[in-house]
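Protein chains: 2
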Amino acid sequence: MAKNLTTRSEDYSKWYNELVVKADLAENSAVRGSMVIKPYGYAIWEKMQAELDRKFKETGHENAYFPLFIPKSYFSKEASHVDGFAKECAVVTHYRLKNAEDGSGVVVDENAKLEEELIVRPTSETIIWDTYKNWIQSYRDLPILVNQWANVVRWEMRTRLFLRTAEFLWQEGHTAHATREEAIAEAEQMHDVYAEFAESFMAMPVIKGVKSTNERFAGALETYTIEALMQDGKALQAGTSHFLGQNFAKAFDVKFATKEGTQEYVWATSWGVSTRLMGALVMTHSDDNGLVLPPKLAPFQVVIVPIYKGEEQLDQISEKVKVIKAELEASGVSVKYDNRDTHKPGWKFNEYELKGVPLRIGIGPRDLANETVELARRDTLTKEVVNLGDLTRTVQERLGEIQKNLFDKAKNFRAENTHQVNTWDEFVDVIENKGGFVEAHWDGTPETEDKIKDLTKATIRCIPNDSVEEEGKCVLTGNPSIRRVLFAKAY
Amino acid sequence: MAKNLTTRSEDYSKWYNELVVKADLAENSAVRGSMVIKPYGYAIWEKMQAELDRKFKETGHENAYFPLFIPKSYFSKEASHVDGFAKECAVVTHYRLKNAEDGSGVVVDENAKLEEELIVRPTSETIIWDTYKNWIQSYRDLPILVNQWANVVRWEMRTRLFLRTAEFLWQEGHTAHATREEAIAEAEQMHDVYAEFAESFMAMPVIKGVKSTNERFAGALETYTIEALMQDGKALQAGTSHFLGQNFAKAFDVKFATKEGTQEYVWATSWGVSTRLMGALVMTHSDDNGLVLPPKLAPFQVVIVPIYKGEEQLDQISEKVKVIKAELEASGVSVKYDNRDTHKPGWKFNEYELKGVPLRIGIGPRDLANETVELARRDTLTKEVVNLGDLTRTVQERLGEIQKNLFDKAKNFRAENTHQVNTWDEFVDVIENKGGFVEAHWDGTPETEDKIKDLTKATIRCIPNDSVEEEGKCVLTGNPSIRRVLFAKAY
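Line order of the protein sequences matches chains A and B. Going by this note's numbering, 170 is the number at position 170 of the first sequence; the sequence numbering is gapless. Going by this note's numbering, 170 is the number at position 170 of the second sequence; the sequence numbering is gapless.
Extracted from the complex, chain A is given alone in its bound form:
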């Protein structure tokens, strides 16, 4: 192809980086580790947001907004939480600049030092539970079902567009409940919401399960996760939902009066997905020709490219396109008509292939005469000639087929790349030579998990919800195990 895109087999990682930039999704900025999300990429993120927000509201949640800055001392209040985040956070120490005395620009004004340093939120449990303390007095104030769309900062040393950036966009739900059972039900519900979104909307199959102790969120009693498999055989954690027990309520002293008049600590959950999903989307479906977008997330589902010589032909085609476009849009399909005269049809075909537009309609003078168009699918790269009278129906059918095909393809890929192993040699062989998910027995100890990670870089992605009880022996230690867990190298 003429896209100068590195192929996946040449260098998967390079392919990804190039594709994200060339398809106009995002680019690196002048600020180390921070990205610019470009309009085309942001339009996909907006579609994700809209659908997730709809699902959150449908399940009774409201949005709110909490401060970007968190007083340093708040961090220390929940012990495992500070351990989890202190090593990678941006710290605000001053609130003013002044002109340098040598005229070279501006310098930090040392007279404007904060009494207490502020942390740019890496996640908002602490500031939110400090707030909830004032919102909750009695059982009547519960549950609180709140979500926030926000930016967060984690000072990662090695960053990659979307997958790991110093600043990223996300949503974080923070709920408060009267009982343990209700909080667990909430965490599980949001786990389901995420899985449903990933599969139905992103066409990305996921394994649902819980994290091992080592891999849990800092401060959680249980972390529910959805894990997807990328085309290079590495796993990607796509969303997590945490049952936080009473840890944050205790750290911030949030109690409520029960119906019976006793005082109890509040039960908590938090749950989030981020712009990381954009990376998952790219790495699940795209190919050596560029992006492949599921119709439900494509900024526009159909692009129409006129093929013409001279202005008169273009006018005739544009007349016809007006009708086609109106009819498609009336049926709920989003359409872009690219009639720019600054670029040739071939260039445009290439461009929209690179950008993953699900369907392309080509229309030239012969099509006008025959009352037809050429319809091309991005996922299969196949073409068909369609009569204008059948176009809207055909487009709708194809969009449905593409959405389904992408999911099926990814699911087949995952099935082909999931291996059950029973010995350490097999384990190492699969992890090092084949990649993919590995279902193996583990003795349940953090020490063994650490050792396996040190030896192979593989981690336990999750203990799958659907793993059946089965007697076996840990692949590393030979100690008894009652179920297989899911290992993989991961992003």
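Please note: incorrect hints may appear among the correct ones.
Copies of the same chain look alike in the list, so a pair counts if it works inside one copy or between any two.
Said to hold, decoys possible - PhoX-like, lysine-lysine: derived pairs with alpha carbons at most 20 Å apart:
| no. | residue 1 | residue 2 |
| --- | --- | --- |
| 1 | Lys322 | Lys336 |
| 2 | Lys336 | Lys55 |
| 3 | Lys87 | Lys325 |
| 4 | Lys57 | Lys47 |
| 5 | Lys55 | Lys133 |
| 6 | Lys234 | Lys453 |
| 7 | Lys87 | Lys22 |
| 8 | Lys98 | Lys77 |
| 9 | Lys55 | Lys208 |
| 10 | Lys344 | Lys259 |
| 11 | Lys451 | Lys255 |
| 12 | Lys98 | Lys336 |
| 13 | Lys250 | Lys489 |
| 14 | Lys57 | Lys325 |
| 15 | Lys55 | Lys259 |
| 16 | Lys57 | Lys336 |
| 17 | Lys383 | Lys348 |
| 18 | Lys404 | Lys296 |
| 19 | Lys87 | Lys98 |
| 20 | Lys434 | Lys489 |
| 21 | Lys320 | Lys208 |
| 22 | Lys22 | Lys133 |
| 23 | Lys344 | Lys309 |
The hints are simulated quantities; they were obtained by calculation from the structure and are not laboratory data.
Position chain B against the provided structure of chain A, taking the given hints into account.
This is chain B only, laid out in the frame that chain A set:
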């Protein structure tokens, strides 16, 4: 009333602060100057966002996202810009915390000092123009019509919920054009969009005009503004659109190849509105009983309160409400049914009055028998009995009337509080004793404007678009003037 709300005549400022908190719009956080936007307040902001976003897209703009952090050196590149923002910006100097040696918590890790300090964006012109430099090579790349929804930080010393907070939410449009004329047309278009939004959606009349040199945005050649008048006679700048000329293009060396092959600097605009609009909304319409919301911005337009004794009556009422609610919703009206048994009807009436819900439907056993409901308007505090058969039509009519009434009322208030003055004594008298907008002649110099500000705290809010040429003498200096400008004390 039983709301324990300070009245406006007692203490307008206290009334505002209390109302914002009691109506669940926002509250102060533990972080100095940063607020928590509560779900009810955020729901109003979401409605503002949705409508503005729709208007932006309708006028050809796309959303994108740029980094939160800006390298300190970028600030120095545009001279007036750094003067405008350096004195009030949050500075990130470190990227890690560590455990204190005395075990007292966490401290800043001095080994993790940034080479160059980062500023938390107070506005994004610098980082965006640094990015545009790579996006723009030729006239084919123009215009760029991009908007960003984001949080920004300005380290204000005196803060007030929504009106002036250290962190606030806003949108900032940043566009790039090939010609001066096109950039000016864009800035003027967005000025119109803001005015239209304020008047049609917020029911808040605004004066459109341009800022004097003193009051311009740091880096702009022209600042277009919409100015609203609050009930205490102070003005509030509700939105601004800036023609930036080539200032930022020159600062960041952004040139493009013209059709003719020459190299020219790009022309720029930026424009923004913020959560400050929430404060303007409250202060334009609300009264001593609480919020008054225009129907187009109300999180729910109608609340239904059942009046009952015992569960059986509630069940009967709920059956009927189901039908009423479905019919109202089908006609596009948003409805909340509050059937909580933890609160009495009187308490609920009070609560929804405080929260400014445009219409309240009360329904009890007698209404069931008569096939009627009681319909109460929040703006006029009037009630009527409506037959169920007429309800949906009546609700729609009343919502339209409320939206219009609020606008008319605010416009009348403004007319009554706009004074033409011709002498300095009159000027001082009006500014100090009456408040409101003052139309007065001014000699056009920054020095006179400064002097007037020092003497009275009044500033030039704008040179109105519709001010007619008229010979006169400056109220302060007596020097010649050719048009009146608009003065006021302002938020």
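Quick rundown of the hints versus the structure:
In the homo-oligomer, the alpha carbons of Lys322 and Lys336 lie at most 20 Å apart inside one protomer (11 Å), although the nearest pairing across protomers, at 42 Å, exceeds that limit. Taking CA atoms no more than 20 Å apart as the test, Lys336 paired with Lys55 passes between copies only; the shortest distance there is 19 Å, against 28 Å inside one copy. When the C-alpha separation of Lys87 and Lys325 is checked against a cutoff of 20 Å, the pair qualifies neither within a copy, at 53 Å, nor between copies, at 52 Å. In this homomeric assembly, Lys57 and Lys47 come within 20 Å of each other (Cα to Cα) both inside a single copy, at 15 Å, and across copies, at 14 Å.
With identical chains, the CA atoms of Lys55 and Lys133 are never at most 20 Å apart, being 27 Å at best within one copy and 39 Å at best between copies. In this homomeric assembly, Lys234 and Lys453 come within 20 Å of each other (Cα to Cα) only inside a single copy, at 14 Å, whereas the closest approach across copies is 64 Å. Proximity of Lys87 to Lys22 under the C-alpha cut-off of 20 Å is found in neither arrangement, the shortest distances being 33 Å within a copy and 39 Å between copies. With identical chains, the CA atoms of Lys98 and Lys77 are at most 20 Å apart between copies only, with a shortest distance of 14 Å across copies and 35 Å within one.
In the homo-oligomer, the alpha carbons of Lys55 and Lys208 lie at most 20 Å apart inside one protomer (18 Å), although the nearest pairing across protomers, at 40 Å, exceeds that limit. For the identical chains of this complex, Lys344 and Lys259 are inter-copy neighbours only, at 18 Å across copies versus 72 Å inside a copy, given an alpha-carbon limit of 20 Å. For the identical chains of this complex, Lys451 and Lys255 are neighbours neither inside a copy (40 Å) nor across copies (56 Å), given an alpha-carbon limit of 20 Å. Neither within a single protomer nor between protomers do Lys98 and Lys336 lie at most 20 Å apart by alpha-carbon distance, with minima of 49 Å and 52 Å respectively.
Taking CA atoms no more than 20 Å apart as the test, Lys250 paired with Lys489 passes in neither setting, with 35 Å inside one copy and 48 Å between copies. In this assembly of identical chains, the alpha carbons of Lys57 and Lys325 lie at most 20 Å apart only when taken from different copies (18 Å versus 32 Å within one copy). Taking identical chains as interchangeable, the C-alpha atoms of Lys55 and Lys259 are never at most 20 Å apart, the minima being 31 Å within one chain and 49 Å between chains. Taking identical chains as interchangeable, the C-alpha atoms of Lys57 and Lys336 lie at most 20 Å apart only when they sit on different chains, with a minimum of 14 Å there against 30 Å within one chain.
For a Cα distance limit of 20 Å, the shortest separation of Lys383 from Lys348 inside one copy, 16 Å, qualifies, whereas the shortest one across copies, 62 Å, does not. Within a single copy, Lys404 and Lys296 get their C-alpha atoms as close as 11 Å, which meets the 20 Å cut-off; across copies the closest is 39 Å, which misses it. For the identical chains of this complex, Lys87 and Lys98 are inter-copy neighbours only, at 7 Å across copies versus 29 Å inside a copy, given an alpha-carbon limit of 20 Å. In this assembly of identical chains, Lys434 and Lys489 lie within 20 Å of each other by CA distance solely inside one copy; the values are 11 Å within and 72 Å between copies.
Taking identical chains as interchangeable, the C-alpha atoms of Lys320 and Lys208 are never at most 20 Å apart, the minima being 48 Å within one chain and 42 Å between chains. Proximity of Lys22 to Lys133 under the C-alpha cut-off of 20 Å is restricted to the inter-copy arrangement: shortest distance 17 Å between copies versus 47 Å within a copy. Taking the closest pair of Cα atoms, Lys344 and Lys309 come within 20 Å of each other only inside a single copy of the chain (10 Å); across copies the shortest separation is 75 Å, beyond that limit.
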